[in-house]
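Student: What follows is the residue order along each chain.
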Amino acid sequence: MEILFAIAIGTVVTASVYLFLSRDLLRGLLGFILFGTAVNLAILLAGRVGPMRPPLVDAAVLGAGAANPLPQALILTAIVIGFGLTAFALILTLTAHREFGTTSVEELAEAETPKVPANTAAAATRREAA
Amino acid sequence: MTAQLLLVAPLLAPLLGAALTALLWRRPAVQRPISLAATVLLLGAAVGLLAHTASHGTLVGAMGAWPAPFGIVLVVDVFSAIMLVITGVMAVAVALYAMGPGAAERDRAGFHPLFQGLLLGVAGAFATGDLFNLYVWFEVMLIASFGLLVLDRTREQIDGGLRYVLLNLVGTTFFLLAVGLLLGLTGTLNMADLARLAPDVDNQGALAAAAMLLLVAFGAKAAVFPLFNWLPAAYHTASMPVAAIFAALLTKVGVYAIIRVFTLIFAHDAAFFGPILAVVAMATMVTGVFGAAAHYDVRRILSFHIISQIGYMLVGVALMTPLAIAGSILYVIHHIVVKANLFLIAGAIRQAGGSFALARLGGLWVTRPLLGLLFLVPALSLAGMPPLSGFWGKLAVVRASLEAQSWVLAAVALAVGVLTLFSMIKIWNEAFWKAAPAGPPPAPPTRSQRLATFTPIVALAAITVTIGLWTEPFLALSFQAADGLLDRQAYIAAVLGPEAAR
Chain V
1 MEILFAIAIG
11 TVVTASVYLF
21 LSRDLLRGLL
31 GFILFGTAVN
41 LAILLAGRVG
51 PMRPPLVDAA
61 VLGAGAANPL
71 PQALILTAIV
81 IGFGLTAFAL
91 ILTLTAHREF
101 GTTSVEELAE
111 AETPKVPANT
121 AAAATRREAA
Chain W
1 MTAQLLLVAP
11 LLAPLLGAAL
21 TALLWRRPAV
31 QRPISLAATV
41 LLLGAAVGLL
51 AHTASHGTLV
61 GAMGAWPAPF
71 GIVLVVDVFS
81 AIMLVITGVM
91 AVAVALYAMG
101 PGAAERDRAG
111 FHPLFQGLLL
121 GVAGAFATGD
131 LFNLYVWFEV
141 MLIASFGLLV
151 LDRTREQIDG
161 GLRYVLLNLV
171 GTTFFLLAVG
181 LLLGLTGTLN
191 MADLARLAPD
201 VDNQGALAAA
211 AMLLLVAFGA
221 KAAVFPLFNW
231 LPAAYHTASM
241 PVAAIFAALL
251 TKVGVYAIIR
261 VFTLIFAHDA
271 AFFGPILAVV
281 AMATMVTGVF
291 GAAAHYDVRR
301 ILSFHIISQI
311 GYMLVGVALM
321 TPLAIAGSIL
331 YVIHHIVVKA
341 NLFLIAGAIR
351 QAGGSFALAR
361 LGGLWVTRPL
371 LGLLFLVPAL
381 SLAGMPPLSG
391 FWGKLAVVRA
401 SLEAQSWVLA
411 AVALAVGVLT
421 LFSMIKIWNE
431 AFWKAAPAGP
441 PPAPPTRSQR
451 LATFTPIVAL
461 AAITVTIGLW
471 TEPFLALSFQ
481 AADGLLDRQA
491 YIAAVLGPEA
501 AR
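These protein sequence lines are chains V and W, in that order.
In terms of my numbering, the first sequence opens at residue 1 and continues consecutively.
In terms of my numbering, the second sequence opens at residue 1 and continues consecutively.
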């Protein structure tokens with residue numbers, strides 16, 4: 001079971017890294033969502049898959065197959081926070097698309113208004129894009 | 001009971017401030033005094049906490065009366081209290097400064113609720129004793145900083161903001177992954193409990209991996225080499241009060257987290273992490289200062305210097321001697337004051353000269369001699385000139401490196417100081433000394449705007465001079481904080497009870 005989990009997490013992380021490498025913001029964001037999911041799975045795995053006695057709860061109250069709720073609580077918190085951050089990043093991407101007509105990282109950087117002196121500003125923009 | 005109230009007060013003040021200012025969204029004129037009052041309350045509570053911890057030792061509060069390690073604890077030791085006080089000082093300074101020019105547009109965009117939210121996240125990160133709780137405070141701080149960064153919604157800001165957002169999202173996800181690994185290895189996330197259990201973990205390799213993940217996550221926040229790219233891409237776009245509070249606090253929360261985690265949880269493996277941190281510290285100092293040398297925009301130069309200075313703050317945790325850690329803490333105190341002040345002065349330069357670009361500035365020494373003097377105080381302090389505060393911080397760090405026989409570290413720290421001086425002189429020569437460029441000067445600000453701009457600048461410059469001329473109490477406090485950080489058993493005993501320590 002652990003091996004299966006590990007392979008699944010690895011696959012999702014691979015997909016997310018591929019998406020991160022894209023120059024398109026939306027793909028990068030999708031990569032972040034996938035990465036967050038993989039990390040949540042990793043927390044679940046770190047808390048052990050299968051039954052485990054949770055802290056502070058009398059064993060007699062629980063059935064034999066009860067799982068430790070602590071990792072699940074952590075994941076729930078992480079999902080809620082991740083949702084908020086993703087929503088903000090999406091709105092920002094949407095603003096960029098509406099106001100500048102692009103979601104490409106390169107085009108956004110290139111279109112920055114040049115500052116004086118012109119040559120150093122252009123060099124700075126190039127360096128940032130690189 | 002009063003002590004417990006004191007413990008949560010630095011969190012309650014900005015929380016209350018955020019709630020009230022958000023309720024009064026449409027009435028900026030009322031938001032301003034509320035925001036200022038909340039920051040004053042934060043500062044007062046933090047000073048009270050520092051006085052309490054310095055005389056009575058570490059203060060621990062179990063939230064909801066759930067005993068550690070099951071519930072979440074707030075733990076404030078001398079180091080945390082120092083960080084809270086400096087947060088309070090910066091909060092008051094920036095709340096005042098934000099009443100200067102441009103306040104109307106900023107306030108309409110929601111500056112005050114976001115500012116208070118940022119302070120809440122920062123104060124929470126300094127006060128918590130639980131690793132997952134630290135993650136939550138990081139996110140509170142992040143989401144507020146996202147909002148602050150894109151306050152004016154210019155193209156520059158949205159571009160810089162997107163980079164900042166994406167890189168920070170990945171950074172905090174690494175943090176979460178490390179939290180998961182540590183939970184799997186030890187079964188606890190209470191920092192004192194982690195410190196107690198970490199030396200006995202069988203799989204030390206996995207523990208080191210989790211530590212490196214934490215270093216990546218906190219390092220991305222602190223903008224250390226090679227994770228600093230987002231900072232110069234984003235900071236120069238923010239409006240000046242926002243840039244000042246970012247420069248003062250955001251990266252320093254990362255530094256705080258690195259110092260806290262590596263002196264507490266992973267201290268038993270310091271021989272392994274020390275050299276890594278030393279190399280990171282040196283590379284951070286050097287890249288930052290060279291980046292600054294290449295730029296001709298005041299804000300970009302200052303942004304790169306933040307990176308460079310972060311390196312000095314990591315020397316303490318790389319060497320793990322009392323002097324080195326005390327030096328790092330003194331450096332953090334000095335740097336926050338100086339750096340925020342330089343950003344505030346950059347805003348004043350913009351008001352006086354109409355631009356941030358050095359090529360368009362000039363002649364300010366003739367028209368604004370007071371501003372020139374006020375610039376020199378933090379600028380020379382940043383470069384480490386005696387008798388200003390930066391000199392003592394650098395002296396302690398360099399001396400600690402020499403005592404630890406890290407000759408390279410000491411040499412790099414000194415060389416970077418010289419290059420810092422070069423950058424500061426560049427700003428001085430271009431903005432203040434050379435002839436004024438042609439063109440009409442911008443309209444002078446009103447009297448009340450000038451007051452709002454210059455009161456915090458003068459106050460912060462006074463703090464810099466005070467630390468420089470009257471170093472003894474600050475150094476003593478830094479040493480007390482360093483001793484507290486190195487005495488892990490005392491921390492564990494304070495949180496988990498004396499029987500847990502050994």
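None of these hints come from the bench; they were simulated from the model.
Don't take every hint at face value.
Covered stretches of chain V, as calculated for chain W (at least 3 residues, CB under 8 Å) [said to hold, decoys possible]:
1. 2-12
2. 87-93
If you want a taste of the chain V side facing chain W, the calculated C-beta under 8 Å gives, among others [claimed, not checked]:
3. 15
4. 18
5. 46
6. 83
7. 108
Distance windows between CB atoms, simulated [unchecked claim]:
8. 12(W) to 95(V): 52 to 58 Å
9. 52(V) to 270(W): 31 to 37 Å
10. 84(V) to 437(W): 42 to 48 Å
11. 4(V) to 64(W): 16 to 22 Å
12. 27(W) to 2(V): 44 to 50 Å
13. 84(V) to 51(W): 44 to 50 Å
14. 2(V) to 422(W): 54 to 60 Å
15. 272(W) to 84(V): 34 to 40 Å
From the three backbone atoms N, C-alpha and C, an ideal C-beta is built for every residue, glycine too.
Student: Hint by hint, note whether the structure agrees.
Tutor: Now the hints, each set against the structure:
no. : hint                        : verdict
1   : 2-12                        : violated (count 0)
2   : 87-93                       : holds (count 4)
3   : 15                          : 15 Å, violated
4   : 18                          : 14 Å, violated
5   : 46                          : 3 Å, holds
6   : 83                          : 11 Å, violated
7   : 108                         : 5 Å, holds
8   : 12(W) to 95(V): 52 to 58 Å  : 34 Å, violated
9   : 52(V) to 270(W): 31 to 37 Å : 33 Å, holds
10  : 84(V) to 437(W): 42 to 48 Å : 46 Å, holds
11  : 4(V) to 64(W): 16 to 22 Å   : 38 Å, violated
12  : 27(W) to 2(V): 44 to 50 Å   : 57 Å, violated
13  : 84(V) to 51(W): 44 to 50 Å  : 37 Å, violated
14  : 2(V) to 422(W): 54 to 60 Å  : 56 Å, holds
15  : 272(W) to 84(V): 34 to 40 Å : 36 Å, holds
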